[in-house]
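A.B. asks: The lines below spell out each chain.
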Amino acid sequence: MSGYTDGTAIAGIGATTFSKDSGRSELHLAVEAITGAMSDAGLPVDSIDGLVTFDMDNNDQTQVCSALGLGDITFFSTSPFGGGGACMIVQQAAMAVHAGLADTIVCYRAFNERSGNRFGQYVAPPAHPSAAEVRWSWHGAHGLITPAGLVAMSARRYMHEYGATSEDFGRIAVIERANAATNPAAWFYQQPITLEEHQASRWIAEPLRLLDCCQESDGGVALVVTSLERARDLQHKPVMVRAAAQGMSSGQQVMSSFYRSAISGLPEMGLVGRQLWEQSGLAPSDIQALILYDHFTPFVLSQLEALGFCSEGEAKELVRSGALALDGKWPLNPHGGLLGEAYIHGVNGILEAVRQIRGNAVNQVADIDHVLVTAGTGVPTSGLILGVA
Amino acid sequence: MPLSGSGSIYSYIVHHHPPIPGFTLPYVVVLVDLVEGIRMIGNLVDADIDLIADGKGDWLIGREVSSALVSDEGGDMVLANWRLMDSES
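If you read the protein sequences in the order shown, they are chains A and B.
Take the first sequence: its position 194, counted from the start at 1, is 194 in the numbering used here, and no numbers get skipped.
Take the second sequence: its position 14, counted from the start at 1, is 14 in the numbering used here, and no numbers get skipped.
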């Protein structure tokens, strides 16, 4: 058991609508989500004394503080590596609460990532690259420069080694779109897809088809981390942070770890998983729902393997068995995930884990004690186990 | 150390979308294991895209390639690309 995690809890969550064109500023989205989360926790906004986000968010802590009219802030941090930081924000907040650095820490992510600066387009290399950025020249000059293309390179090798097919990737999309179809907050509410529709969707970067790729979204989400002791006195059932970990492995690059002896797995996620099991004393059989980062379908399969839900190369059998459906052994992304609900860089998945533990999710999983949540894949990453207190 | 310019394809993608400045769609990007043990990324040049695109290209994995150095118009930049040793599929 890890003292810093078991002593902390998520006490409030807030979210804006998810859309393709929010019509308001990213700062407005952040403020809306944060005030929503504080209201949900039953705490006054001016009691916030910590603000945590991760990079690629344009709302830095000074502007959020100013817009909310906050006073003294004793803890602020911004974790690195894009979507890989999604669960790091809860880890950073839990550590700070445990250390006594702050009492009421808000973690947030808000952006107009469809109507503003789109994430799915090619990445413009820096105008004045440093030596550390020379890596761009290794792949960017050859047109390997979109998130989909970079993931596709690993996915193709994964298919070759393990016999996984485009249909196996498609099954992930079908499950998640089915879940989104019954979630009114999801962009793809009431829009399920069939495997045939997945197979007929156009190529983006082979082996990835359009329906293997998550959407680009506008929206904001926030959550409140405080001590478990304090959370017990607030209006919702506390959601305990049972484990929280970061992982970066040998040969790590950002979206381009192609120079390792093998590229079909996610060793950094394996590292995160080992820490989560060790901190919590839990095993895969203790988990009742999975919130796995799904910006592209192939990495959902490799995460199942890295985290120990099946052996290496066997995720395709797990997917085909129906275990990941809402009524299966390990329901995957009951809210619809980044593919179906919205791409709020993984943090909307943490909110879903909170709803599942509280027992008030729209696609509620029965008899739930623990949910495992992961952050971005293909980058230095992070993960959480949330549970009943 | 001088490199032989010989290797084999470890993985590849076919990029269809979005359009990228300087590239004609679709195009093939290969990850090549050089015989010297170094791995490099490059484009596959002079390849028959009809034999590769639309899910038909798994045969590329393991195929031998040799380096194809391509200069830009001004001649001040050289890209290391790759060509199949045996173009028959």
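Keep in mind that the hints were calculated from the coordinates and are not lab data.
The reader is advised that the hints may include incorrect statements.
Away from chain A, derived, C-beta distances all over 10 Å, residues of chain B [to be verified]:
| id | residue |
| --- | --- |
| 1 | Ser-4 |
| 2 | Glu-36 |
| 3 | Leu-79 |
| 4 | Asp-86 |
Just a sample of chain B residues kept apart from chain A, beta carbon distances all over 12 Å, derived [what the hints assert, rightly or not]:
| id | residue |
| --- | --- |
| 5 | Ser-6 |
| 6 | Asp-46 |
| 7 | Ile-61 |
| 8 | Glu-73 |
| 9 | Gly-74 |
One side of the interface only, derived from the structure: several residues of chain A facing chain B at Cβ under 7 Å [stated by the list, open to error]:
| id | residue |
| --- | --- |
| 10 | Leu-195 |
| 11 | Gln-199 |
| 12 | Trp-203 |
| 13 | Ala-361 |
Here the structure is a predicted model, which is why all the values come from computation and not from measurement.
Beta carbons: idealized from backbone N, C-alpha and C, even for Gly.
A.B. asks: Taking the least C-beta to C-beta distance, is A:Gln-199 closer than 7 Å to chain B?
C.D. replies: This interface hint is violated because 10 Å lies over the 7 Å limit.
A.B. asks: So B:Ser-4 supposedly isn't at the interface. Is its beta-carbon more than 10 Å from every beta-carbon in chain A?
C.D. replies: Holds: least Cβ distance 19 Å, greater than 10 Å.
A.B. asks: Minimum Cβ distance from A:Ala-361 to chain B below 7 Å?
C.D. replies: A:Ala-361 check fails; min Cβ-Cβ to chain B is 34 Å, beyond 7 Å.
A.B. asks: In terms of Cβ atoms, is chain A entirely out of 10 Å range of B:Asp-86?
C.D. replies: holds, 19 Å
A.B. asks: Can we trust that B:Asp-46 is non-interface, i.e. its beta-carbon lies farther than 12 Å from all of chain A?
C.D. replies: holds, 15 Å
A.B. asks: Just double-check B:Ile-61 for me: nearest Cβ-Cβ distance to chain A has to come out over 12 Å.
C.D. replies: Non-interface label fails for B:Ile-61: nearest chain A Cβ at 5 Å, not farther than 12 Å.
A.B. asks: Holds or violated: is there a CB of chain B closer than 7 Å to the CB of A:Leu-195?
C.D. replies: With a closest approach of 15 Å, the A:Leu-195 hint is violated.
A.B. asks: Would the least Cβ to Cβ distance between B:Glu-73 and chain A come out above 12 Å?
C.D. replies: Fine: 15 Å to the nearest Cβ keeps B:Glu-73 off the interface.
A.B. asks: Per the stated criterion, does the least C-beta distance between B:Gly-74 and chain A lie above 12 Å, as a non-interface residue requires?
C.D. replies: holds, 15 Å
A.B. asks: Does the no-contact call for B:Glu-36 survive, Cβ to all of chain A over 10 Å?
C.D. replies: Non-interface label on B:Glu-36 holds, nearest chain A Cβ at 14 Å vs cutoff 10 Å.
A.B. asks: Would you check whether A:Trp-203 satisfies its interface hint, that is, whether its CB is within less than 7 Å of any CB in chain B?
C.D. replies: holds, 4 Å
A.B. asks: If we take the beta carbon of B:Leu-79, is the closest beta carbon in chain A still more than 10 Å away?
C.D. replies: B:Leu-79 is in fact no farther than 10 Å from some Cβ atom of chain A, at 6 Å.
Consistency note: the structure conflicts with the earlier hints numbered 3, 7, 10, 11 and 13.
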